[in-house]
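Let the sequences and hints guide you as you build the complete structure.
Number of protein chains: 2
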Amino acid sequence: MTDIVILGAGNVGYHLAKVFSKTPDINLVQLYNRTLQTIRCFEKDTVITNQLHTLKKADIYIICVSDEAIESVSKAIPSTNALVVHTSGSTPLEVLNHHKHYGVFYPLQSFSKHRSIDFSSIPICIEAKHVNDLKVLENLALRISDTITYMDTVQRGEIHKAAVFVNNFVNHLYYIGETICEENNISNTILHPLIKETSNKVMNLSPFNAQTGPAKRGDKKTIENHLKKLSGINKEIYKLLSHSIANLYGKKL
Amino acid sequence: MTDIVILGAGNVGYHLAKVFSKTPDINLVQLYNRTLQTIRCFEKDTVITNQLHTLKKADIYIICVSDEAIESVSKAIPSTNALVVHTSGSTPLEVLNHHKHYGVFYPLQSFSKHRSIDFSSIPICIEAKHVNDLKVLENLALRISDTITYMDTVQRGEIHKAAVFVNNFVNHLYYIGETICEENNISNTILHPLIKETSNKVMNLSPFNAQTGPAKRGDKKTIENHLKKLSGINKEIYKLLSHSIANLYGKKL
Chain A
1 MTDIVILGAG
11 NVGYHLAKVF
21 SKTPDINLVQ
31 LYNRTLQTIR
41 CFEKDTVITN
51 QLHTLKKADI
61 YIICVSDEAI
71 ESVSKAIPST
81 NALVVHTSGS
91 TPLEVLNHHK
101 HYGVFYPLQS
111 FSKHRSIDFS
121 SIPICIEAKH
131 VNDLKVLENL
141 ALRISDTITY
151 MDTVQRGEIH
161 KAAVFVNNFV
171 NHLYYIGETI
181 CEENNISNTI
191 LHPLIKETSN
201 KVMNLSPFNA
211 QTGPAKRGDK
221 KTIENHLKKL
231 SGINKEIYKL
241 LSHSIANLYG
251 KKL
Chain B
1 MTDIVILGAG
11 NVGYHLAKVF
21 SKTPDINLVQ
31 LYNRTLQTIR
41 CFEKDTVITN
51 QLHTLKKADI
61 YIICVSDEAI
71 ESVSKAIPST
81 NALVVHTSGS
91 TPLEVLNHHK
101 HYGVFYPLQS
111 FSKHRSIDFS
121 SIPICIEAKH
131 VNDLKVLENL
141 ALRISDTITY
151 MDTVQRGEIH
161 KAAVFVNNFV
171 NHLYYIGETI
181 CEENNISNTI
191 LHPLIKETSN
201 KVMNLSPFNA
211 QTGPAKRGDK
221 KTIENHLKKL
231 SGINKEIYKL
241 LSHSIANLYG
251 KKL
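Taken in order, these protein sequences are the chains called A and B.
Positions 1 to 253 (the numbering used here) are the ones given, in order, by the first sequence.
Positions 1 to 253 (the numbering used here) are the ones given, in order, by the second sequence.
The hints are simulated quantities; they were obtained by calculation from the structure and are not laboratory data.
Nothing here was measured: the structure is a model prediction, and the numbers come from that model.
One or more of the hints may lead you astray.
Given that identical chains are not distinguished, each listed pair holds provided it fits within a single copy or across any two copies.
[As the list claims (entries may be wrong)] Derived lysine-lysine pairs resembling BS3-like cross-links, with alpha carbons at most 25 Å apart:
#1 Lys221 <-> Lys75
#2 Lys251 <-> Lys220
#3 Lys216 <-> Lys235
#4 Lys251 <-> Lys221
#5 Lys135 <-> Lys100
#6 Lys75 <-> Lys100
#7 Lys220 <-> Lys75
#8 Lys18 <-> Lys196
#9 Lys100 <-> Lys56
#10 Lys113 <-> Lys44
#11 Lys22 <-> Lys228
#12 Lys129 <-> Lys251
#13 Lys239 <-> Lys251
#14 Lys229 <-> Lys239
#15 Lys220 <-> Lys113
#16 Lys113 <-> Lys251
Right, here's the structure in full:
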């Protein structure tokens, strides 16, 4: 049985607490969060606290607070032989080096509280200085996921950057698409089959080969028509992305 | 039995010929394409031709050529009582008004030749001047799809613009994400679960509520770190989209 404490119940901490509280051979002994109200729903599953000085003993402490709070929160963890890890894509391993055993446990996924998630397909990127700690992290990750990847701080930063493109920015383009529908009294669900197919496509076809549309064709007329009906930052986004696509396929706009 | 002729075998024409050649009560009597080689694979299913003056008689002519060729190709169609339609998102209905019966049959999807497609979930946007022609188009569309939408030329142009954002631009962001993986010797399949979840999410959650990440949080430090490791147009894209997201959530970068 592995005793773990989770610190922080934002999107990542919330879902990790959910999954680990139901994982065999894992004992979620405590969940800390700055505000207690947020974690009341875990009262049946574990001990909850908003006091860092009341942290219980555990084998692994998983820090899920915001990047800038990781270091200070980690200092509240009693110096023990426990393994202390953070879950941040963009924070170096070494911010935890005042602990004897430390590492990173970064699930590469976009979590939303009101959406349940299947951890088994989520890649978990792990890092540790000592091989034994890495082994412990690997065993922990394998309890919830089938895809474990060793990744150093630099690679993790890069994959986090890539994730911003394929998740945050993509989602923002969905937002713009839906806004256009709403402005024209068209139900935004009409875009859903296209959104689904676009994402399914890249599972089998490289995005380079999957590309279609006016910018790839160098179709200036359609692009000009679209630009006429855009303004503000959406117009800038349309221009910049069209230029980037056209450049890639050797077209001039 | 409805006799149809398809003109043009680009991505849209190819897939429409595929589906209509297998649809009960539809008789694909001919497939025209400028180059015959492209449509040799349809020889078993229909008569193929690259000569516009040999067009056969049909009930419906479906023009699937590039936008700028629609008008000239449509003029090669013998003046009959047949219904002549194009399949373009960004071309007005009226380019076909030299025909007695004319309309638009626009499937809102991104087609790639080397990827099979299930038409049943693809929204077909139809337009016609005369109600009877609209009825004919609706019946045709219902043979292959469950989602038929009446849309005028302006709305269709807008939905095509929205499609550029959620398909072409999204696919380009996938391309950038995969490039970052490759540059760092990380298999790009690591991004696939994130890509899948991002698109699945917006089926149930509005993209406004689904957003996460540094720009939404106003996390300047992470954004600066990412920008340091970007250059050229990808850096511009990162900056612009981050600003757009930050603005939307009232954050300053």
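Can you tell me if Lys113 and Lys44 fall within 25 Å by alpha carbon in one copy, between copies, both or neither? within (18 Å within a copy, 54 Å between copies)
Please work out whether the CA atoms of Lys216 and Lys235 approach to 25 Å or closer within one copy, between two copies, in both situations, or in neither? So Lys216 and Lys235 pass the 25 Å test inside a copy (18 Å) and across (20 Å) alike.
25 Å Cα threshold - placement of Lys113 relative to Lys220: between (43 Å within a copy, 24 Å between copies)
Treating 25 Å as the Cα threshold, decide for Lys113 and Lys251: within, between, both or neither. between (43 Å within a copy, 21 Å between copies)
Under a CA distance limit of 25 Å, which applies to Lys100 and Lys56: within one copy, between copies, both, or neither? Within one copy only: 18 Å inside a chain, 81 Å across chains, cut-off 25 Å.
Check Lys221 against Lys75 for me: Cα-Cα at most 25 Å, and say if that holds within a copy, between copies, both or neither. between (60 Å within a copy, 21 Å between copies)
Intra- versus inter-subunit Cα pairing at 25 Å for Lys75 with Lys100: within (12 Å within a copy, 79 Å between copies)
Alpha-carbon proximity between Lys18 and Lys196, which holds within one copy, between copies, both or neither at 25 Å: Answer is between: at 21 Å across copies they meet the 25 Å cutoff, but 28 Å inside does not.
Indicate which option fits the pair Lys251, Lys221 if close means a Cα-Cα distance not exceeding 25 Å: within, between, both or neither. Within one copy only: 14 Å inside, 36 Å across.
With identical chains, the pair Lys239 and Lys251 could be close in the same copy or across copies; at 25 Å between alpha carbons, which is it: within, between, both, or neither? both (14 Å within a copy, 24 Å between copies)
Indicate which option fits the pair Lys220, Lys75 if close means a Cα-Cα distance not exceeding 25 Å: within, between, both or neither. between (58 Å within a copy, 24 Å between copies)
Classify it for me, Lys129 with Lys251: is the Cα-Cα distance of at most 25 Å met within a copy, between copies, both or neither? Answer is neither: 48 Å inside a copy and 36 Å across each miss the 25 Å cutoff.
Figure legend: structure checked against the earlier numbered hints; hints not met, in rising order: 11, 12.
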